[in-house]
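Student: The primary structure of each chain is shown beneath.
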Amino acid sequence: MTAATHKLAELDDVTVQHILGRRDRRLTFLTFAAILGVWTAVTGSGLWEPLIRPMFLPSPVAVAETFWQLLQTGYQGRSLAHHVAVSLYRFATAFLICILVGVPVGLLMGTSRRIRAVVEPPIQAIRPIPKLALLPLFLIWFGIGNLSKIIVIAAPVFPLIAISSMQAVRSVSAKKIQAAQSLGASRFTIFRRILLPASLPGIFTGIRVSISIGVTMLVGAELTATSDGIAWMALTAAEYLMTNVVLVAVLIMALLGYGLDRLFLLIETSIVHWTGKD
Amino acid sequence: MMIEPIDLRQPRHGTPPKLQVEQLSKSFGSSSGSVQALAPFDLSVEAGDFLCVVGPSGCGKTTLLNIVAGFESPTSGSVYVDGKPVTGPGADRGVVFQQGALFNWMTILDNVAFGPRSTGFSQSVARQKAMELLELVGLSAFAKKYPYQLSGGMQQRVGIARALANNPQMLLMDEPFAALDQQTRELLQEEIRSIWQRTNKTILWITHSIEEALLLATHIIVMTARPGRTKASFVSPFARSSDPHVASSMEFAAAKRTIFQLLRGEAKQAQQMEEVP
Chain G
0 MTAATHKLAE
10 LDDVTVQHIL
20 GRRDRRLTFL
30 TFAAILGVWT
40 AVTGSGLWEP
50 LIRPMFLPSP
60 VAVAETFWQL
70 LQTGYQGRSL
80 AHHVAVSLYR
90 FATAFLICIL
100 VGVPVGLLMG
110 TSRRIRAVVE
120 PPIQAIRPIP
130 KLALLPLFLI
140 WFGIGNLSKI
150 IVIAAPVFPL
160 IAISSMQAVR
170 SVSAKKIQAA
180 QSLGASRFTI
190 FRRILLPASL
200 PGIFTGIRVS
210 ISIGVTMLVG
220 AELTATSDGI
230 AWMALTAAEY
240 LMTNVVLVAV
250 LIMALLGYGL
260 DRLFLLIETS
270 IVHWTGKD
Chain H
0 MMIEPIDLRQ
10 PRHGTPPKLQ
20 VEQLSKSFGS
30 SSGSVQALAP
40 FDLSVEAGDF
50 LCVVGPSGCG
60 KTTLLNIVAG
70 FESPTSGSVY
80 VDGKPVTGPG
90 ADRGVVFQQG
100 ALFNWMTILD
110 NVAFGPRSTG
120 FSQSVARQKA
130 MELLELVGLS
140 AFAKKYPYQL
150 SGGMQQRVGI
160 ARALANNPQM
170 LLMDEPFAAL
180 DQQTRELLQE
190 EIRSIWQRTN
200 KTILWITHSI
210 EEALLLATHI
220 IVMTARPGRT
230 KASFVSPFAR
240 SSDPHVASSM
250 EFAAAKRTIF
260 QLLRGEAKQA
270 QQMEEVP
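So the sequences go chain by chain: G and H. Going by numbering that gives the first Met the number 0, the first sequence opens with residue 0, and the numbers climb by one from there. Going by numbering that gives the first Met the number 0, the second sequence opens with residue 0, and the numbers climb by one from there.
In short, the hints are calculated from the structure, not lab data. Any given hint could turn out to be false.
Claimed, not checked - Calculated pairs, BS3-like style, for lysine-lysine (alpha carbon to alpha carbon, straight line, at most 25 Å):
hint: 1; chain 1: H; residue 1: Lys-143; chain 2: H; residue 2: Lys-83
hint: 2; chain 1: G; residue 1: Lys-175; chain 2: H; residue 2: Lys-230
hint: 3; chain 1: H; residue 1: Lys-255; chain 2: H; residue 2: Lys-267
hint: 4; chain 1: H; residue 1: Lys-255; chain 2: H; residue 2: Lys-230
hint: 5; chain 1: H; residue 1: Lys-267; chain 2: G; residue 2: Lys-174
hint: 6; chain 1: G; residue 1: Lys-175; chain 2: H; residue 2: Lys-144
hint: 7; chain 1: G; residue 1: Lys-174; chain 2: H; residue 2: Lys-144
Bear in mind the structure is a predicted one, so any value in this text is a computation, not a measurement.
Here chain G stands alone, though its shape is the one from the complex (with noise of 0.2 Å):
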């Protein structure tokens, strides 16, 4: 035993969490560091000849002054927080309809055969069309404003929360259930207490997984009939063979995606404090 180890014996479980938790952290430091020095080193930053040239990827530095000229200039006309503000409200709105509807139709399904044999064929028979391939349509359908955007990225991500939904709810343990009814539980009791708290873990990935998806959706949304949103700001300035400014729009996205999948990550583990420990 070395001697960091023989200190981490001495403390309690919380506290070596905690160290250990900072390790990690520190670790994932170290790699996003490591990629940024390769990424300095490679397009040389305007202190050496640059090994890839500007036009096919631009330098760390060069990014951050395009972001920086962005905020203040903006990108054809409107601000870059006028760009993120309405990416952010298809993405929000798809998701949020996606949520309130799906997982009641989730859950739904997850209790009632009856209801489960008429709404899940259809749902299943849909899932596999590639969505994107329906924007035309969803364009002559719902014309070329924010309201076929909304449903070209809630498409694929309705039925993702609605089956995820649905099998939280039925791989909740017969025990429980059994446990509840031989305690003179009504099914409605049953449903409120036992089956919707014990399928929001799974509701909770779910809803997690398909961030990433309504991301990707997001830039199928935003490919034509628009003239802003911050997936449009990368397509446009790709061509123009503006890569730095595609880079910022790409960033932006990332961070997007990751900062809603962090949010939903904290609000899980404090709902969900209970999950995995069985």
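Once you've looked at the hints, dock chain H against the given chain G.
Tutor: Leaving out everything else, chain H in the frame of chain G:
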């Protein structure tokens, strides 16, 4: 003090028994044909009896308990509690499971209060009842904790308190201590014995431990290998003994041997059935 053979198929007093099982059978269908878990099975349990069912694994002990609890319906035959047919789960029969049946998202207190809350008591009355039961099982200091913060033995105590919270006259216990270590199991056996003696509940207890059966039960049923039926039934004196060392007595050892020999043949047969599907 010896275990004596007794016929537990018919009521032993003139009055209707607490639990009456009549010609109960259960088959499970599968694509490869149906498997009979329980042969037509008769059983009569009087109020205040502590009945242990021992049998080889897969003999249908748990199926029997699940049908009495109302979780499964029989293929044929019927079950009566206080003369009324069982049609589903009910608060008149408290169930204690082996493991993993506590509600992880509720505190210990709310787990135990769940029964009274579900049967119409207000939150405060339900919690008060729960607190009394937590005191009974020595866990009142842990009321605000969650199940995963407790040891396996403590969790089973919570399970017992929760089953008692509706004050059911009958308790159904499905190998509740099987997953616990020896010391914890012995302590809990003593506890359940004293709870039974104080409250005079009727208990149906499934176990594969002969020792546990002899220590706790007033009546013991030994079941055959699948399809389960009664191989032998006994009335046992040890549960009412005041001798704390009763388990090390000669009589206890003799009784253990008697049941062990009965079970051995059945266990071998059960094993062969598993090997030849």
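Student: State for each hint whether it applies.
Tutor: Verification of the hints:
1. H:Lys-143 - H:Lys-83: violated (39 Å)
2. G:Lys-175 - H:Lys-230: violated (32 Å)
3. H:Lys-255 - H:Lys-267: holds (18 Å)
4. H:Lys-255 - H:Lys-230: holds (16 Å)
5. H:Lys-267 - G:Lys-174: Distance ~30 Å between Lys-267 of chain H and Lys-174 of chain G Cα, so the pair is violated.
6. G:Lys-175 - H:Lys-144: holds (19 Å)
7. G:Lys-174 - H:Lys-144: holds (21 Å)
Checked against the numbered hints given earlier, the structure breaks hints 1, 2, 5 and satisfies all the rest.
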